[in-house]
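So the chains spell out like this:
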Amino acid sequence: MIDIIENVSKESGEVSANKIDWLTVCKIEDITKNTGVCANFNGKQVAIFHMKKAKDSDGIGGISEVKAVCNVDPFSAASVLSRGLITEKDNQFFVASPLLKQEFCLETGQCQQDDAIAINTYKARIDDELVQLMEA
Amino acid sequence: MSEMKKSRKQKVVVVGNGMVGHHFIDQLISHNNDDFQVVTFSEESRLAYDRVMLTSYFIGNTADDLALTSPQAYDEQGVEYFIDTQVVDIDRDKKTLITATDQIISYDKLVLATGSYPFVPPVPGKDQKNIHVYRTLDDLDAIAESAKSSHVGVVIGGGLLGLEAANAIKQLGLQTHVVEFAPRLMAVQLDQEGGDLLRSKIEDLGVCVHTEKNTTEIIAGENCRYRMNFADGSFLETDTIVFSAGIRPQDSLARISGLSLGERGGIVINDQCLTSDENIYAIGECALWDNKIFGLVAPGYAMAKSAVSHLTRGGLNGEVKTFSGADMSTKLKLLGVDVSSLGDAHGNTAGSQSYSFVDSAAGTYKKIVVSSDSKKLLGAVLVGDTSDYGQWLQLVLNKIELSQPPEYLLLPEIDGDSANAAAGVEALPDSAQICSCYDVTKQHLCDAVNAGAHDISALKSCTSAGTGCGGCVPLVTQVLNSELEKAGVSINDNLCRHFAFSRVELFDIIRVKQLRTFDELLTECGEGEGCEVCKPAAASMLASLWNEHVLAEELVGLQDTNDNYLANMQKDGTYSIVPRVPAGEITPEHLILIGSIAKKYNLYTKITGGQRIDLFGAQLNQLPLIWQEMVEAGLETGHAYGKSLRTVKSCVGSTWCRYGVQDSTEMAITLEERYRGIRSPHKVKMGVSGCARECAEAQSKDFGVIATDKGWNLYVAGNGGMRPRHADLFASDLDDATLIRYIDIILMFYIRTAERLQRTSVWLEGLEGGLDYLKDVVINDKLSINDELIVQISHLIETYECEWKVTLNDPQKLKRFNHFINSEALDSNVIFTTERKQIRPAIKKNIVMI
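Protein sequence lines, in the order shown, are assigned to chains V and X. Per our numbering: the first sequence ends with 136, consecutive numbering throughout. Per our numbering: the second sequence ends with 850, consecutive numbering throughout.
Just chain V, same shape as in the assembly (with noise of 0.2 angstroms):
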């Protein structure tokens, strides 16, 4: 795994060969709020999901924030995920397919739906502006 990241980082250019480094994929205001978008990181399709409460507990205006999971949905093998409709029960988020509407954690990958299936997590952040991603 940590081949392929050196590869193709590599090959892009555009970011550190150190594998532990913050990735920038684009800038947040790239991220429509409340959807989604797929990067193509380390060659990998990943899911980034920029979340902005309608009111934080403060009443004010929300907070952006970003999640990112594998952009492949496990049910159906298509690379749709990020194209989903972000949905919250008890406080957290989760990405309901866009085909057959299985939910997956955003924060876990844990499909809610069949307790055996979960998909990858990537550790995501808003960094000046930057949407960035590193490996979990």
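Treat the hints with caution; some may be incorrect.
[Said to hold, decoys possible] The calculated label-pair distances, taken between Cβ atoms and stated as ranges, are: (1) X:Glu632 / V:Gln110: 45 to 51 angstroms; (2) V:Gln110 / X:Gly452: 28 to 34 angstroms; (3) V:Ser64 / X:Asp65: 56 to 62 angstroms; (4) V:Asp21 / X:Ser502: 49 to 55 angstroms; (5) V:Thr24 / X:Gly452: 50 to 56 angstroms; (6) X:Leu826 / V:Ser64: 25 to 31 angstroms; (7) V:Asp21 / X:Ala825: 18 to 24 angstroms; (8) V:Asp21 / X:Glu524: 43 to 49 angstroms; (9) V:Thr24 / X:Ser502: 42 to 48 angstroms.
[As the list claims (entries may be wrong)] The list that follows gives simulated cross-link-like pairs (lysine-lysine, DSS-like), each with its CA atoms no further than 25 angstroms apart: (10) X:Lys292 / X:Lys321; (11) X:Lys11 / X:Lys94; (12) V:Lys33 / X:Lys11; (13) V:Lys123 / V:Lys52; (14) X:Lys571 / V:Lys44; (15) V:Lys52 / X:Lys815; (16) X:Lys321 / X:Lys399; (17) X:Lys813 / V:Lys52; (18) V:Lys101 / X:Lys683; (19) V:Lys53 / X:Lys813; (20) X:Lys333 / X:Lys782; (21) V:Lys53 / X:Lys513; (22) X:Lys606 / X:Lys683; (23) X:Lys815 / X:Lys571; (24) X:Lys815 / V:Lys44; (25) X:Lys129 / X:Lys148.
Keep in mind the hints are simulated off the structure, nothing from the lab. The structure presented is a predicted model; accordingly, all values stated were derived computationally and were not measured. Yeah, the Cβ is synthetic: ideal placement off N, Cα and C, and Gly gets one too.
Fit chain X to the supplied structure of chain V, relying on the hints for placement.
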């Protein structure tokens, strides 16, 4: 051992394949298909059909629509049948039947379901051409044939069937008269005042009513074909005559074979429906029980059930059901006028008292007959408004003590009084028959609710209650609600965990508070951040009210899969594209263009069921490229991805077709262009046919329009797909403007009041009061909201834009149409192979990662 078990099947022969004969067969087979061999004879040229709905034959229903069974169905059920075959004798000793063609058929048990025949009084001149009776589809064909050479039609007999016949004659476009011997219409069911109101309502519709007329002869006329002379010296000229002066039991076969008959005819039966021969049953209108003939279908069905129960020794549960008479209460719509009569409508009970209430402004008449102590309702007459029928019938049948002075029953319902209704249901005994068509008791309904039927459509489909005449649906709904409440199942119609409101309530909140975004809605009345239920529902409601672009920044995150990228996602993550082809009319240039685009982008191409073309296999980044070419050539989005109007299917209509009576294609284009893009609770399909042949299959659509020679018939709430439903006739012979106005109002009313993802069919079935209520809302503006609905839908129509055209001009929206945010590459996971010369997704093993 299996040899021993296989004792010979009992051979049951049913003479007469009318509604009751068929019901008997149906019940017997569903009880026990293994022990009986069933044979049936029909004198008519077809198997059982719905005689109650006979008149609808003239407003578009075909013989097939009315059919209660089919040769295929009988074949599959192992029922042997003979049509066009008259049984002329019974040899009761040998237990055989002899047919008119000298066939001999043996039986173990015989069921006589020979029905009745129309009584034609011995008037000189009655046996001429163009003089008919009203009983069978063949009679109707003959009447329709006569109508072609007639201007005036007369029905002799102003009873229930006579008025049905008058309706038929009127539908055929004849100047219509009803001639009645008695001093009022429907003398059996109504009192004088009720009869008078019915008469004035019918006369308002252009039907002339002549009462107290005794026809003495029919001779050649001067201006018309015939002249009818009456005993009082007056006369009436007419081209066609239909006799509907009552029925007589068809008992000739029983008479020949020596079975006991009543003094005035009818085959005498006991409580098991057995005749004087223990191997012969008689059921339906030919049977005489307690010296009474029952001329309605429900008692006939009850007899059929008793006979089956006796024959099968109680069937599975061993409880033998006997026939113990039947309530002859009726609720009908005659020539568009609601009429009902229940219990002792004439106050024949000793000491009974009656009260009546006339609302001449509304044109309604209500009379109740109560017991001498004013504690019990004995009977009633309702004309113009029969909404109390179900409730009152239960009061009569179950002899429930009135909780208030009887005159309260007559007063118009005051707001907040509906609690009484629920209490009424509570008061009913478990044995109360709620649905008389299918003999469903309150106990049956309660059991079904407790077994999980928690909504009206589930309850209908598992008990059949309310699926016959539909008159009991309000009552069934009350039983459902009261039972759910008792079981502690709160009737929770909250949209989801984020909103403690139903869709209808949320729609009103958004409308009244003028909310424009999901965030505003959440702040106003929700909690949390939303989910797969409330987000698309909110997106739909916001679009239905304000019609903003679905990809606007505040709305895009709410959209379901297909709306999200204005295309239909397929199993491999690629999309299909459907340009709008209004009414399926397409120029060769557009056809070629679509073909060349499909070729250029290597798309799988298929003709859809909605008369357009679907192009499959486009990747996300190709969507704007393809649409750029489409839009430049003048094509627009077809909204195949939206919960909105899909297509208006049409036939070619009067412009080309030699049968067409209206230009159905033009009307379909008008409708498709009017309603395109309007978001609704679910997808909406329409169809327009240019004549009664119905090539556009409009009756399977949410809105179906069928041309008549006078305009358009509008049908509503049809459905194909997994839950097929024939659309209901909403209104007839509409001009263009009225047709469109009605569709405007119904569509917007549906958008306002349906549940999320509820098609019009389920919506209408769940609407309390059903089709009649919808008519009242739309045609009579019962809720006084039509102006508002029209304003709303006009806004949607005026603000229509092609969503793709707008998207192509907006770089912000276009940015989303790329597979990667940080690369121009395509999705390497999309792999096609070739099948029948076109692409298709390659089969991949599912990848599962733990």
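Now for the hints, and whether the structure bears them out:
no., hint, result
1, X:Glu632 / V:Gln110: 45 to 51 angstroms, "holds, 47 angstroms"
2, V:Gln110 / X:Gly452: 28 to 34 angstroms, "holds, 30 angstroms"
3, V:Ser64 / X:Asp65: 56 to 62 angstroms, "holds, 59 angstroms"
4, V:Asp21 / X:Ser502: 49 to 55 angstroms, "holds, 51 angstroms"
5, V:Thr24 / X:Gly452: 50 to 56 angstroms, "holds, 54 angstroms"
6, X:Leu826 / V:Ser64: 25 to 31 angstroms, "holds, 29 angstroms"
7, V:Asp21 / X:Ala825: 18 to 24 angstroms, "holds, 23 angstroms"
8, V:Asp21 / X:Glu524: 43 to 49 angstroms, "holds, 44 angstroms"
9, V:Thr24 / X:Ser502: 42 to 48 angstroms, "holds, 46 angstroms"
10, X:Lys292 / X:Lys321, "holds, 19 angstroms"
11, X:Lys11 / X:Lys94, "holds, 14 angstroms"
12, V:Lys33 / X:Lys11, "violated, 74 angstroms"
13, V:Lys123 / V:Lys52, "holds, 18 angstroms"
14, X:Lys571 / V:Lys44, "holds, 21 angstroms"
15, V:Lys52 / X:Lys815, "holds, 20 angstroms"
16, X:Lys321 / X:Lys399, "holds, 22 angstroms"
17, X:Lys813 / V:Lys52, "holds, 19 angstroms"
18, V:Lys101 / X:Lys683, "holds, 19 angstroms"
19, V:Lys53 / X:Lys813, "holds, 22 angstroms"
20, X:Lys333 / X:Lys782, "holds, 19 angstroms"
21, V:Lys53 / X:Lys513, "holds, 21 angstroms"
22, X:Lys606 / X:Lys683, "holds, 21 angstroms"
23, X:Lys815 / X:Lys571, "holds, 23 angstroms"
24, X:Lys815 / V:Lys44, "holds, 21 angstroms"
25, X:Lys129 / X:Lys148, "holds, 13 angstroms"
Checked against the numbered hints above, the structure breaks only hint 12 and satisfies the rest.
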